[in-house]
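Participant: So you can see what is in the structure, the chains are spelled out below.
2 protein chains.
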Amino acid sequence: MKLKPPKGTRDFYPDDMARRRYLHDAWRRVSQRHGFDEVDGPIFESLDLYKIKSGDGIVSELFHFKDRGDRGLAIRPEFTPTLARMVAAQANGLPKPIKWFCTPNLCRAERPQRGRLREFDQWNIDMLGEDGAIADAEVIAVAVDLLRGLGVGPEQVKVKLSHREVVRQVLTSLGVPGDKMNDAFTLLDAKDKLPPEVFSEKAKALGLGDEQVQRFETLCSQTYGVGEIDKLRNSAGIEDALDDLVAIDTALAGFGLSGWCVYDLGIVRGLAYYTGTVFELHVTTGKERALGGGGRYDKLIELFGGPSMPAVGFGMGDVVLTNLLEDENLLPENLTQPKPDAYIIAVTDAGDAALPGVVSSLRFAGLHTRMNYKATRKVGKLLKDAENCGAKFAVILDDDASNGNASVKDLATGDQQSISIEGLANHLQG
Amino acid sequence: MKLKPPKGTRDFYPDDMARRRYLHDAWRRVSQRHGFDEVDGPIFESLDLYKIKSGDGIVSELFHFKDRGDRGLAIRPEFTPTLARMVAAQANGLPKPIKWFCTPNLCRAERPQRGRLREFDQWNIDMLGEDGAIADAEVIAVAVDLLRGLGVGPEQVKVKLSHREVVRQVLTSLGVPGDKMNDAFTLLDAKDKLPPEVFSEKAKALGLGDEQVQRFETLCSQTYGVGEIDKLRNSAGIEDALDDLVAIDTALAGFGLSGWCVYDLGIVRGLAYYTGTVFELHVTTGKERALGGGGRYDKLIELFGGPSMPAVGFGMGDVVLTNLLEDENLLPENLTQPKPDAYIIAVTDAGDAALPGVVSSLRFAGLHTRMNYKATRKVGKLLKDAENCGAKFAVILDDDASNGNASVKDLATGDQQSISIEGLANHLQG
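Protein chains in written order, with this note's numbering: chain A, 1 to 430; chain B, 1001 to 1430.
Bear in mind the hints are in silico, worked out from the structure with no lab data behind them.
Just to be clear, a hint being listed does not mean it is correct.
According to the in silico footprint, chain B covers these stretches of chain A (three or more CB under 8 Å from chain B) [to be verified]: (1) 43 to 50; (2) 79 to 88; (3) 162 to 170; (4) 200 to 213.
Label-pair distances were calculated between CB atoms; the ranges are [unchecked claim]: (5) B:1172 - A:423: 46 to 54 Å; (6) B:1331 - A:378: 45 to 53 Å; (7) B:1390 - A:364: 41 to 49 Å.
Distance condition first, Cα-Cα at most 30 Å in a straight line; then the derived DSSO-like pairs of lysine-lysine [unchecked claim]: (8) A:160 - B:1299; (9) B:1339 - A:53; (10) B:1392 - A:96; (11) A:96 - B:1339; (12) B:1299 - B:1339; (13) A:4 - B:1051; (14) B:1004 - A:4.
Virtual Cβ for every residue (Gly too), placed ideally from N, Cα, C.
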């Protein structure tokens, strides 16, 4: 009998945990230097909370259950509803802009596959209370800075941007009526998965003629770089929404993100709550799911009972990111748990007697200290153990421990000297 | 409408999160200097996994649900079953002793009350593969070092120790038959909650005479200090199990824990899987629930399909610990999110144009950088914002930004000077 973790979940043995910490530390470091404060919420929420944002359709994607009072609860599949609830509850007391990050574990009742697990970690960056284009650009800059810090370059990952309102105006100018707009977005979202003739057929069902269908296809297959936004202006009947995208274009260039970003009006992010910018991070090989995505959601805080408040943010999971770093050999070698400063070896009865006191005084001084538990007295064998665990120093306790002395071996240089036990912590820290 | 977190769970706004991080960082730091490696597992496990250790009775204390394949799952109420599963699965490949720590969030379907929530964090320390008394003492030393590091002293918290086998032998010598041993342990566990006459009555039901009942009462109400273990030897008919406790006594003294520990044979830790030492950490006022507890569980890895393997460990939750630190004023003042190194202010159009570039170059250099989003040009008001957010430096971008210069104000000293934008990161880091 070997018991396994549940389907789609992971055990983190020490080496796995070191890799997980490496990502979490990077997420945290980047978030903090961009001025985001850390928050978190419960691992489960009221089932109704998730329906507020996503409707009843979300229930089948959740792990849900009831408490003793028969209240419906669900393990969090995303952090945004919790964030919206928390912001709405204290909206007036929080200094603006609200800049929050978190790195929660989330669960979805999905079929596990490459890039998608039932439990995963997700980095969330959200900025609320600021409606300027600089907020959209700043949030994208955080995502890019994370990637850059991990050694990923713009030749490996691109931020694909679109704008809900721009797309809506284009579709309107093509002749899509208001009551078919959701269908048009759904079709746009599904385009890559549909054969061209099915796409055309469905586009015609929106009430478009042959020429309009062709323009629709062109629209969502062309991409533009930062600074090329005017090409979009010339090619389609976009009204005032483009001004917003032009401001974002300027801000993106200002933050030095031109090389990382492309406009791609085929990016939709489902039918979710986005109101302006939407973006996804994609590996340029096209072989992986999106690394993450987000956008502007200016109506959400109201939906959760708060005041009207502009908001922009994104989420980035750990699964696709880890796949990318592994495939590109970007995970540092020897990503392990911390190595000991000192490894203590007792080789006589007097050494055994001194051992716990020496070990605890070094630890109390803040030194990462390990020790030998074996019954053997063979110094050579025990020094091997000290080396194998990666310790900087071996401290050998023999009969001289009764006189208050230990033998200290620098395992890098091989130098060995006698040091008073009293001065040991100082010596090893020096 | 103000939406709340589910009953017994918590929202962590930035200040709450800073407090939570303070505890987690302390847990991690202490674990690492004592030579423990970090691990983690899934947030939910098979419902059956929890029954292996705790029987069917556990189910009502769990938040449990089914996946689409109708498999019973439960949110983890503790980490030990996951740890046992993970160790059992790779028992032969893991270097011994296995020294693991983790700080998972756990959930229990209990009635929330002081010191007990439905979701909480728990620090776990476990050492497997080493059966010597030094392992028991080392594990207790980790718990004590955590408390000491947080400013807690032995006058505020005591480690109360007992030993399952010692108690069993005492009870046997009193005349408790083997088939009533579990009942006797249950009675011992409940003693503090029972009126004396009810305790006596239940003790008699175990088959004890008046004198034995009195000795039973005495046994579980007397305490002994480290070094006083021989008093126990004289007062009760304990056989070889006491030798184990004597060895632990020596190791506790060796680790410098004498002042922190008392033997208290009234400590039972429920009917759980412990086989030797059991201990709990209690505030000396007696006003709180146990801060944490643990003991030796030498049979558990076998129960989860692994080889026979000695093991000792403990868990410490964050709820009672936080109550203690708050009541004793031991939480550092101004426990907040990190403060910015620099706060950037643009006060002219040329300053606005330079802003994103300056901000991103400082962040890229690793400096925690925030900026002003307001439309105002009033330097005095903006400098106030910089001070209010705790920044070290304010960087003012005005028309001189076109010449590549910024004005830097040290917000502690009030000194202000002009610095080239190119050399800004260096200047602020210096």
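Participant: Take the hints in turn and mark each one as holding or not.
Facilitator: We went through each hint and held it up to the structure:
A stretch counts as covered by a chain when three or more of its residues have a beta carbon under 8 Å from one of that chain; for the segment 43 to 50 of chain A and chain B the count is 5, and the coverage holds. Restraint check on the segment 79 to 88 of chain A versus chain B: 4 residues with Cβ-Cβ distances below 8 Å, three needed, restraint holds. Counting residues of the segment 162 to 170 of chain A whose beta carbon lies closer than 8 Å to any beta carbon of chain B gives 0, which falls below the threshold of three, so the coverage claim is violated. Counting residues of the segment 200 to 213 of chain A whose C-beta sits closer than 8 Å to any C-beta of chain B gives 0, which falls short of three, so the coverage hint is violated.
Between residue 1172 of chain B and residue 423 of chain A, the C-beta spacing of about 51 Å keeps the proposed range 46 to 54 Å intact. Distance hint for residue 1331 of chain B and residue 378 of chain A: a CB-CB separation of about 48 Å, consistent with the stated range 45 to 53 Å. Under the hint 41 to 49 Å, the C-beta atoms of residue 1390 of chain B and residue 364 of chain A, about 32 Å apart, miss the expected range. Under the criterion of a C-alpha separation no larger than 30 Å, the hint pairing residue 160 of chain A with residue 1299 of chain B is inconsistent with the structure, at around 55 Å.
Under the criterion of a C-alpha separation no larger than 30 Å, the hint pairing residue 1339 of chain B with residue 53 of chain A is inconsistent with the structure, at around 33 Å. Between residue 1392 of chain B and residue 96 of chain A the CA atoms are separated by roughly 20 Å; this keeps the pair inside 30 Å, and the hint holds. Pair hint residue 96 of chain A plus residue 1339 of chain B holds up; C-alpha atoms about 16 Å apart against a cutoff of 30 Å. Between the alpha carbons of residue 1299 of chain B and residue 1339 of chain B the distance comes to roughly 49 Å, so the proposed pair goes past 30 Å and is violated.
Note on residue 4 of chain A and residue 1051 of chain B: the hinted pairing holds, with a Cα-Cα distance of about 15 Å set against a maximum of 30 Å. A distance of roughly 36 Å separates the Cα atoms of residue 1004 of chain B and residue 4 of chain A; the hinted pair therefore is violated under the 30 Å criterion.
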